[in-house]
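Full structure from sequences and hints, please.
There are 2 protein chains.
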Amino acid sequence: MAEYSISGLNKVVRGPKRANYDIDTINTILDDAFLCHIGYVYNNQAIVIPTAYARKDDKIYIHGSLKNRMMLSLLDAGEASVSITHLDGLVLARSAFHHSANYRSVNIFGKVKKVEDHQEKMNALEYILNHMIPDHWNNVRQPNEKEFKATLVLEITIETASAKIRAEGVNDEPADLNLPIWAGVIPIKQVAFEAISDTDLPKDIEVPKAVLNYVRNNKR
Amino acid sequence: MAEYSISGLNKVVRGPKRANYDIDTINTILDDAFLCHIGYVYNNQAIVIPTAYARKDDKIYIHGSLKNRMMLSLLDAGEASVSITHLDGLVLARSAFHHSANYRSVNIFGKVKKVEDHQEKMNALEYILNHMIPDHWNNVRQPNEKEFKATLVLEITIETASAKIRAEGVNDEPADLNLPIWAGVIPIKQVAFEAISDTDLPKDIEVPKAVLNYVRNNKR
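Keeping their order, the protein sequence lines are chains A and B.
Reminder that position 31 of the first sequence reads as 31 in my numbering, one-by-one numbering, no gaps.
In my numbering, each number is its position in the second sequence, counted from 1, plus 1000.
Because the hints were derived from the structure by calculation, they are not lab data.
Model, not experiment: these values are computed from the prediction.
All C-beta atoms in this analysis are idealised placements derived from N, C-alpha and C, irrespective of residue type, glycine included.
Incorrect hints may appear among the rest.
Unchecked claim - Within a straight-line C-alpha distance of at most 27 angstroms, the following computed DSS-like cross-link-like pairs (lysine-lysine) qualify:
(1) B:Lys1011 / A:Lys113
(2) B:Lys1146 / A:Lys17
(3) B:Lys1067 / A:Lys11
(4) B:Lys1219 / A:Lys219
(5) B:Lys1113 / A:Lys11
(6) A:Lys56 / A:Lys203
(7) B:Lys1149 / A:Lys17
(8) A:Lys67 / A:Lys17
(9) B:Lys1114 / A:Lys11
(10) A:Lys59 / A:Lys149
(11) A:Lys67 / B:Lys1011
(12) A:Lys189 / B:Lys1114
(13) B:Lys1011 / B:Lys1067
(14) A:Lys219 / B:Lys1189
(15) B:Lys1149 / A:Lys11
(16) B:Lys1113 / B:Lys1059
(17) A:Lys114 / B:Lys1011
(18) A:Lys189 / B:Lys1146
(19) A:Lys189 / B:Lys1209
(20) B:Lys1189 / B:Lys1067
(21) B:Lys1011 / A:Lys17
(22) B:Lys1011 / B:Lys1111
(23) B:Lys1011 / A:Lys149
(24) B:Lys1189 / A:Lys209
Stated by the list, open to error - Covered by chain B, according to a simulated footprint, are these stretches of chain A (three or more residues, beta-carbon under 8 angstroms):
(25) 18–27
(26) 33–41
(27) 81–94
(28) 110–124
(29) 151–158
(30) 196–204
See below:
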């Protein structure tokens, strides 16, 4: 079981029982999300921005406009902090104090570089689109020269990471178990609904298998 | 229509057509989410952490352990950046370049202070629990002296904020509209499932109305 080494940066201090440094566990949480939240320092202040991404091996790829402030600030800083969180449930205890949530979250710290090589950059754009909808890249018109040049792609090499997972029921105080108060868990899930075809679409164009599969795999 | 003033910090530079500084719009997006991502600077690096919160007027409340590094670093910095994002759909265009997402996101910048006053602190804990499940605070055992003292509550006064909203269909290049390529939107939503009662619960304890209402209002 390969793990990330633990340093001051990624060590889970609060709730260490929920901490996990296993690379496969972390990768599964990463691959299961669409959005990440990236932090960067701007004028000595932390700024947090949501963005799409993809993972390939130990690298995270993000893309944006050439003039995107977050992208340029990340490149300038040379390092990034990335947070990915799945909310899986609300944990409703007998006491206010023991209310909690079930979740899977990952924090990544890594080095940032601009992807300059033409093939690497095109591959990264493919990873990002296929992370949104698996196997959809070959269904669409791929970037032309102008679009390709207008896109900045950054590669974040994961140097260290940690996961925190809570996946259990209510943990109340033993003395509270006999109180006449309800307790339980409300499961929460992000789900997909049937695709709505663009109204400009010619009638004979069918929804591709990649889209049908995505919806089927992400239904409630 | 009251708006936040626009500064270098909250000005939406990329995609200004999607920008919104209206306070009511921003509050609605804030009140509709459970998790926020908070950024803070630690050893000159931005770190991003997910946490629960509540809004009351122009203030955001978060809570944690007295020893929580994020909480203590925020207090030390005296200012915070908070990001809240709802993913509402995947926008699948004819071209890779025009793939996008429908979303509602808010970025807040504000001053941080510790809530010291007993009543204010108890109120903040009530806001946070009721933001999780509306009207549930009075159903549960409220914090005792020990629990109350072990909890750190921070108040973030919103100084400036901005929203970005995309809520539309595919925007393809006119030249691509005749390509034999499917395009459309997959709606995405975070939904709640029926509450699962704790197995230790006496049989005569019913699921409270607040919980039933939450599940009903957050079903697909």
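Results of checking the hints against the structure:
1. With a C-alpha separation of about 26 angstroms, the suggested pair Lys1011 of chain B and Lys113 of chain A falls inside the 27 angstroms cut-off, and the hint holds.
2. In summary, the hint linking Lys1146 of chain B to Lys17 of chain A is supported, as the alpha carbons are separated by about 22 angstroms, within the 27 angstroms threshold.
3. Restraint check for Lys1067 of chain B and Lys11 of chain A: the C-alpha separation of about 14 angstroms stays at or below 27 angstroms, so the hint holds.
4. As the CA atoms of Lys1219 of chain B and Lys219 of chain A are separated by approximately 13 angstroms, the hinted pair is consistent with the 27 angstroms bound.
5. Taking the CA atoms of Lys1113 of chain B and Lys11 of chain A, the gap is near 26 angstroms; set against the 27 angstroms cutoff, the hint holds.
6. For the given pair, Lys56 of chain A sits about 37 angstroms from Lys203 of chain A by alpha-carbon distance, which is inconsistent with the 27 angstroms threshold.
7. For the given pair, Lys1149 of chain B sits about 23 angstroms from Lys17 of chain A by alpha-carbon distance, which is consistent with the 27 angstroms threshold.
8. Between the alpha carbons of Lys67 of chain A and Lys17 of chain A the distance comes to roughly 42 angstroms, so the proposed pair goes past 27 angstroms and is violated.
9. Distance restraint check for Lys1114 of chain B and Lys11 of chain A: the Cα-Cα separation of roughly 25 angstroms lies within the 27 angstroms cut-off, and the hinted pair is therefore satisfied.
10. The suggested pairing of Lys59 of chain A with Lys149 of chain A holds, with an alpha-carbon distance near 22 angstroms, which does not exceed 27 angstroms.
11. Taking the CA atoms of Lys67 of chain A and Lys1011 of chain B, the gap is near 14 angstroms; set against the 27 angstroms cutoff, the hint holds.
12. Of the pairs offered as hints, the one joining Lys189 of chain A and Lys1114 of chain B is violated, with about 33 angstroms between alpha carbons and a cut-off of 27 angstroms exceeded.
13. With a CA separation close to 34 angstroms, the supplied pair Lys1011 of chain B and Lys1067 of chain B exceeds the 27 angstroms bound.
14. Our distance criterion of 27 angstroms between C-alpha atoms is met by Lys219 of chain A and Lys1189 of chain B, whose separation comes to about 10 angstroms.
15. The hinted pair formed by Lys1149 of chain B and Lys11 of chain A meets the criterion: a straight-line CA distance of about 25 angstroms does not exceed 27 angstroms.
16. The straight-line distance between the Cα atoms of Lys1113 of chain B and Lys1059 of chain B is roughly 11 angstroms, inside the 27 angstroms bound, and the hint therefore holds.
17. A threshold of 27 angstroms between alpha carbons decides the hint, and for Lys114 of chain A with Lys1011 of chain B the separation of about 25 angstroms falls inside it, so the pair holds.
18. For the given pair, Lys189 of chain A sits about 34 angstroms from Lys1146 of chain B by alpha-carbon distance, which is inconsistent with the 27 angstroms threshold.
19. Simply put, Lys189 of chain A and Lys1209 of chain B have alpha-carbon atoms about 21 angstroms apart, close enough for the 27 angstroms limit, and the pair holds.
20. Between Lys1189 of chain B and Lys1067 of chain B the CA atoms are separated by roughly 35 angstroms; this puts the pair beyond 27 angstroms, and the hint is violated.
21. For the suggested pair Lys1011 of chain B and Lys17 of chain A, the alpha carbons sit about 41 angstroms apart, so the restraint of at most 27 angstroms is broken.
22. For a cut-off of 27 angstroms, the pair hint linking Lys1011 of chain B to Lys1111 of chain B stands: about 18 angstroms separates their Cα positions.
23. Taking the CA atoms of Lys1011 of chain B and Lys149 of chain A, the gap is about 25 angstroms. The hint holds against a cut of 27 angstroms.
24. Among the hinted pairs, Lys1189 of chain B with Lys209 of chain A is consistent with the structure: their alpha-carbon atoms are about 21 angstroms apart, no more than 27 angstroms.
25. With 0 residues bearing a CB less than 8 angstroms from a CB of chain B, the stretch 18–27 of chain A misses the requirement of three and the coverage assertion fails.
26. Three residues within the 8 angstroms Cβ limit are the bar, and the stretch 33–41 of chain A against chain B gives 7, so the coverage statement holds.
27. Using a Cβ-Cβ cut-off of 8 angstroms, 9 residues of the stretch 81–94 of chain A lie near chain B, which meets the minimum of three, so the contact claim holds.
28. Check result for the stretch 110–124 of chain A against chain B: violated, 0 residues qualifying (beta carbon to beta carbon below 8 angstroms, three or more required).
29. Look at the stretch 151–158 of chain A against chain B: 1 of its residues bring a Cβ nearer than 8 angstroms to a Cβ of that chain, fewer than three, so the hint is violated.
30. A count of 7 residues in the stretch 196–204 of chain A with a Cβ less than 8 angstroms from any Cβ of chain B is obtained; the coverage claim is therefore met, three being the minimum.
Of the numbered hints given earlier, the model fails hints 6, 8, 12, 13, 18, 20, 21, 25, 28, 29; all others are met.
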